[in-house]
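We have chain R; now place chain H onto it with these hints.
Number of protein chains: 2
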Amino acid sequence: MKEKIVLIENRLKELIPKNSSYQKVLFEAASYSLLSSGKRLRPLLVLATVEAFNKNIDLALDPAISLELIHTYSLIHDDLPCMDDDDFRRGKPSLHKAYPEWLAVLTGDYLLTYAFEIITNAKNLADTKKVKLIRALTKYSGGDGLIAGQVIDLSYEGKEIDFEKLKFMHLNKTAKLFLAAIEFGCIISDATNDTTNKFVEFAKNMGLAFQFFDDISDYDDKKSSDITKNKATAPAILGIEKAKAFALDLQKRALDILKSLSYNTSFLEEITSKMT
Amino acid sequence: MKEKIVLIENRLKELIPKNSSYQKVLFEAASYSLLSSGKRLRPLLVLATVEAFNKNIDLALDPAISLELIHTYSLIHDDLPCMDDDDFRRGKPSLHKAYPEWLAVLTGDYLLTYAFEIITNAKNLADTKKVKLIRALTKYSGGDGLIAGQVIDLSYEGKEIDFEKLKFMHLNKTAKLFLAAIEFGCIISDATNDTTNKFVEFAKNMGLAFQFFDDISDYDDKKSSDITKNKATAPAILGIEKAKAFALDLQKRALDILKSLSYNTSFLEEITSKMT
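Residue numbers (my numbering), protein chains in the order written: chain R, 142 to 417; chain H, 142 to 417.
Okay, chain R solo, but in the shape it has when bound (with noise of 0.2 Å):
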């Protein structure tokens, strides 16, 4: 896994341009976004899941760095004053709090765009999987999904919220992502329909088994500003027992999946287990 996120972490810094112009201070502030400690979730993903296929993973390496970039963009306006108003993200102030909160507005904004770019602009990839690429991550990422969780989870703040509505929340806000990451390694490899269908319902259980999880770990550690400000959390809802027996299930539902496909899915199954 190391060497994967090595060279994430490399082409991340080539992709950052070094512009000089009037503008400099836009990627100054993207470089402080995008290259603390994240741990390139969605990227591993996308890379694994070509791996499972036998195929080249360098044709998937800028595609899923655009995954990284959303997801950044994501964090950064979540974290904003009028958002979560969160002062830290991945153990240094937020990016609103570094520089000047427009400027994390836009530097939201230029990830977001800049994702779409870099698809385009992908190497060894034909035109029409760059468009399925693109229909995918807008798909996952837009109004049904990523942004569709970030407004049920504003909506409800100080709010009660049952469990399916949480679901909706999970699913949504951090499993669509994770879907977006296994769709791009079944496109870039031409995988099938029923094949890609297959690994989508894996990246469903897999992503929220994490988001629950995560849930699980904060309210163990009491540390998450989700719980200071109370958020809907899966033990919040569902008591801290029964939200671990649910997580539990999820990561199990996902493995036997990878366990019933005939595919090289050694490096998915190892992530996989890893969330605990």
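If you're looking for bench data, these hints aren't it; they were derived computationally from the structure.
A portion of the hints provided could be inaccurate.
[To be verified] In silico BS3-like pairs for lysine-lysine, Cα to Cα no more than 30 Å straight-line:
#	chain 1	residue 1	chain 2	residue 2
1	R	Lys280	H	Lys372
2	H	Lys273	R	Lys264
3	H	Lys165	R	Lys165
4	H	Lys159	R	Lys308
5	R	Lys372	H	Lys196
6	H	Lys280	R	Lys154
7	H	Lys372	H	Lys300
[As the list claims (entries may be wrong)] Ranges of calculated distance between the beta carbons of each label pair, as one might list FRET restraints:
#	chain 1	residue 1	chain 2	residue 2	range
8	R	Glu144	H	Asn195	51 to 57 Å
9	R	Ser172	H	Asp361	40 to 46 Å
10	H	Val147	R	Phe229	49 to 55 Å
11	H	Gly232	R	Asn338	32 to 38 Å
12	H	Asn265	R	Glu301	46 to 52 Å
13	H	Glu169	R	Lys143	44 to 50 Å
14	R	Asn334	H	Asn265	20 to 26 Å
15	R	Asn195	H	Gly232	32 to 38 Å
16	H	Gly299	R	Asp362	40 to 46 Å
17	H	Ala239	R	Lys400	48 to 54 Å
[As the list claims (entries may be wrong)] Just a few of them, taken from the derived set where beta-carbon distance is under 8 Å, the chain R residues facing chain H:
#	residue
18	Glu144
19	Val147
20	Glu150
21	Pro158
22	Ser161
23	Gln164
24	Trp243
25	Leu253
26	Thr254
27	Ile288
28	Phe408
Ideal Cβ positions, reconstructed from N, Cα and C, are used throughout, including at glycine.
Quick look at chain H alone, frame taken from chain R:
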């Protein structure tokens, strides 16, 4: 021109999702901003360019709409308290005044993402053209385009700026989306690179002229928040007479380029002439 605006307005209404799930408020907010009384100048320029090549404007409608979405997202984010802090837009409360501020941020993000989705789903356009359109859109609206213009605008608020920086700002913040519109029309119409370059040169002069006339009109009316905030404008830097002469010269250059082209540019001429 009127029937084309009706075409654009109707397609805009069709394209806003009528979704009744938890994120319904997102699409309501998007309608609020999209369906206010805009001039629809950017989509009109796409249609006018396609008409110059005697191509079917139906092919261009959805890509044209995507530019209106990009323009609208940029206005929504621009109006935010941490940016220009404008309470009114197009004669009614700005989005963050009519809805919670967090929803204004997310609606901007949604429109930006949805613009790309609309291009991927445009009917009767080859994938090669879709990729070209998306690449052009990111080039003109990203960190070397619209967003660069915003960065310099906010970086220099309340500070002295010279005429070169003002032109850089106006070129990026305003003219670049006009360039995108004209290049969209050229891509859809299979124009050669040489012809495209000439049309883009027209758009550069035309887009700059538009922003100079806008500065001058605000100065004459003393109505704009740009004036009350002491933002950099052409009349403030050059004096009103010189600014007017400069704008007229840009407009004349734009019209001269159109006249030099052997295409049916009457609609482009009409739009350019009406700017004053």
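Tested hints:
1. Restraint check for lysine 280 of chain R and lysine 372 of chain H: the C-alpha separation of about 39 Å exceeds 30 Å, so the hint is violated.
2. A hinted pair counts as satisfied when its Cα atoms are at most 30 Å apart, and lysine 273 of chain H with lysine 264 of chain R qualifies at roughly 15 Å.
3. Taken as a hint, the lysine 165 of chain H and lysine 165 of chain R pair is broken in the structure, with Cα atoms around 38 Å apart against an allowance of 30 Å.
4. As the CA atoms of lysine 159 of chain H and lysine 308 of chain R are separated by approximately 22 Å, the hinted pair is consistent with the 30 Å bound.
5. Proximity of lysine 372 of chain R to lysine 196 of chain H is assessed by CA-CA distance (about 54 Å); at most 30 Å being required, the pair is judged violated.
6. For the suggested pair lysine 280 of chain H and lysine 154 of chain R, the alpha carbons sit about 20 Å apart, so the restraint of at most 30 Å is met.
7. Between the alpha carbons of lysine 372 of chain H and lysine 300 of chain H the distance comes to roughly 8 Å, so the proposed pair stays at or under 30 Å and holds.
8. For glutamate 144 of chain R paired with asparagine 195 of chain H, a C-beta distance near 55 Å keeps the hint of 51 to 57 Å intact.
9. For the hinted restraint 40 to 46 Å between serine 172 of chain R and aspartate 361 of chain H, the CB-CB distance of approximately 43 Å keeps it satisfied.
10. With their beta carbons about 51 Å apart, valine 147 of chain H and phenylalanine 229 of chain R fall inside the hinted range of 49 to 55 Å.
11. Distance hint check: the CB atoms of glycine 232 of chain H and asparagine 338 of chain R are about 48 Å apart, inconsistent with the given range 32 to 38 Å.
12. The hint said 46 to 52 Å for the Cβ distance between asparagine 265 of chain H and glutamate 301 of chain R, and at roughly 48 Å that hint holds.
13. Between glutamate 169 of chain H and lysine 143 of chain R, the C-beta spacing of about 47 Å keeps the proposed range 44 to 50 Å intact.
14. Distance hint for asparagine 334 of chain R and asparagine 265 of chain H: a CB-CB separation of about 24 Å, consistent with the stated range 20 to 26 Å.
15. The hinted range of 32 to 38 Å is not satisfied by asparagine 195 of chain R and glycine 232 of chain H, whose Cβ atoms lie roughly 59 Å apart.
16. At about 44 Å, the CB distance of glycine 299 of chain H to aspartate 362 of chain R agrees with the hint of 40 to 46 Å.
17. Range check, alanine 239 of chain H to lysine 400 of chain R: Cβ separation about 51 Å, and the 48 to 54 Å hint holds.
18. With a least beta-carbon distance of about 30 Å to chain H, the hint placing glutamate 144 of chain R at the interface is violated under the 8 Å criterion.
19. A distance limit of 8 Å between C-beta atoms decides the matter here; for valine 147 of chain R the minimum to chain H is near 26 Å, and the interface restraint is violated.
20. At its closest, the beta carbon of glutamate 150 of chain R sits 21 Å from a beta carbon of chain H; the interface hint therefore is violated under the 8 Å criterion.
21. Hint status for proline 158 of chain R relative to chain H: holds, with the closest Cβ pair at about 7 Å, below 8 Å.
22. Hint status for serine 161 of chain R: violated, given a least beta-carbon distance of 12 Å to chain H, over 8 Å.
23. Look at glutamine 164 of chain R: its Cβ gets to within about 4 Å of chain H, closer than 8 Å, so that hint holds up.
24. Against a cut-off of 8 Å between C-beta atoms, the interface hint on tryptophan 243 of chain R holds, since the closest Cβ of chain H lies about 5 Å away.
25. The closest approach between the C-beta of leucine 253 of chain R and any C-beta of chain H is roughly 6 Å, which is under the 8 Å cut-off, so the hint is satisfied.
26. The beta carbon of threonine 254 of chain R comes within 4 Å of a beta carbon in chain H, closer than 8 Å, and the hint placing it at the interface holds.
27. Checking isoleucine 288 of chain R against chain H: minimum C-beta separation of about 5 Å stays under 8 Å; hint holds.
28. The beta carbon of phenylalanine 408 of chain R is not positioned within 8 Å of any beta carbon in chain H (closest approach about 29 Å), and the interface hint is therefore violated.
Checked against the numbered hints above, the structure violates hints 1, 3, 5, 11, 15, 18, 19, 20, 22 and 28; every other hint is satisfied.
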